[in-house]
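**Student:** Chains as they are written, first to last, in our numbering: chain A, 3 to 116; chain B, 1186 to 1297.
Hints may be right or wrong, so weigh each one.
Simulated pairs of lysine-lysine, DSS-like, Cα-Cα distance not exceeding 30 angstroms [unchecked claim]: (1) A:Lys7 to A:Lys70; (2) A:Lys17 to A:Lys59; (3) B:Lys1198 to A:Lys60; (4) B:Lys1198 to B:Lys1237; (5) B:Lys1198 to A:Lys7; (6) A:Lys73 to A:Lys59; (7) A:Lys59 to B:Lys1237; (8) B:Lys1215 to B:Lys1237; (9) B:Lys1198 to A:Lys44; (10) B:Lys1237 to A:Lys70; (11) A:Lys7 to A:Lys60; (12) A:Lys17 to A:Lys7; (13) A:Lys60 to A:Lys73; (14) A:Lys7 to A:Lys59.
Chain A is faced by these chain B residues, among others (derived, beta-carbon under 8 angstroms) [as the list claims (entries may be wrong)]: (15) Gly1213; (16) His1214; (17) Pro1246.
No wet-lab data here; the hints were simulated from the structure.
Note that CB positions come from ideal geometry on N, CA and C, so glycine has one too.
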Amino acid sequence: QQQVKQSPQSLIVQKGGIPIINCAYENTAFDYFPWYQQFPGKGPALLIAIRPDVSEKKEGRFTISFNKSAKQFSLHIMDSQPGDSATYFCAASMMSTSYDKVIFGPGTSLSVIP
Amino acid sequence: DAGVTQSPTHLIKTRGQQVTLRCSPISGHKSVSWYQQVLGQGPQFIFQYYEKEERGRGNFPDRFSARQFPNYSSELNVNALLLGDSALYLCASRIQGGYEQYFGPGTRLTVT
């Protein structure tokens, strides 16, 4: 129940394309769903996050779509650029409990080809 | 403002040795969490400390321990190192009442 599933494992898109990364969870107690971007040799950087009372959130070129009934959420990257090439992790946590344990998905390696 | 800082950047140890990793949270952040990231996988939660008290522990053996100091910095200790402990160790901090966790650059530990 603590697992977060993520797909695809890797993704290659052309510059300007819209990569979509999908995640699913089981535990309905999760109340915070962040996405992290990680470059090789660096720590994960918070990209965008959503609470389950919202179905969509946009920040710049990044959009999260959230389906509470299906327990699924996804990241869309509009007008993707070579600089977006990185590993993306979806995650879930129960921040309302003041317990910071964040469950990460296995990651998606994104390559944006010029 | 400075982000989360960690030291050292890289570390090479031999099996059976002990290691201490250090983390300084973002100013004003009182919660510090530690994660282990094995190559090719997502980070795995090890510990959370808030106001110098342990608030959570992941599924890691007792060889792993941590503490938080009055200035909210933190140390992660790993005893009797195994080859499988080779990983990137990440520290994250969060402000009280906030949801966002901010990660440091990590310490790359190699056990030979």
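**Student:** Would you mind marking each hint as holding or not holding in the structure?
**Tutor:** How the hints compare with the structure:
no., hint, result
1, A:Lys7 to A:Lys70, "holds (15 angstroms)"
2, A:Lys17 to A:Lys59, "holds (23 angstroms)"
3, B:Lys1198 to A:Lys60, "violated (44 angstroms)"
4, B:Lys1198 to B:Lys1237, "holds (28 angstroms)"
5, B:Lys1198 to A:Lys7, "violated (33 angstroms)"
6, A:Lys73 to A:Lys59, "holds (16 angstroms)"
7, A:Lys59 to B:Lys1237, "violated (35 angstroms)"
8, B:Lys1215 to B:Lys1237, "holds (8 angstroms)"
9, B:Lys1198 to A:Lys44, "holds (21 angstroms)"
10, B:Lys1237 to A:Lys70, "violated (35 angstroms)"
11, A:Lys7 to A:Lys60, "holds (22 angstroms)"
12, A:Lys17 to A:Lys7, "holds (27 angstroms)"
13, A:Lys60 to A:Lys73, "holds (19 angstroms)"
14, A:Lys7 to A:Lys59, "holds (20 angstroms)"
15, Gly1213, "violated (16 angstroms)"
16, His1214, "violated (11 angstroms)"
17, Pro1246, "violated (17 angstroms)"
Hint check: violations occur at hints 3, 5, 7, 10, 15, 16 and 17; the rest are consistent with the structure.
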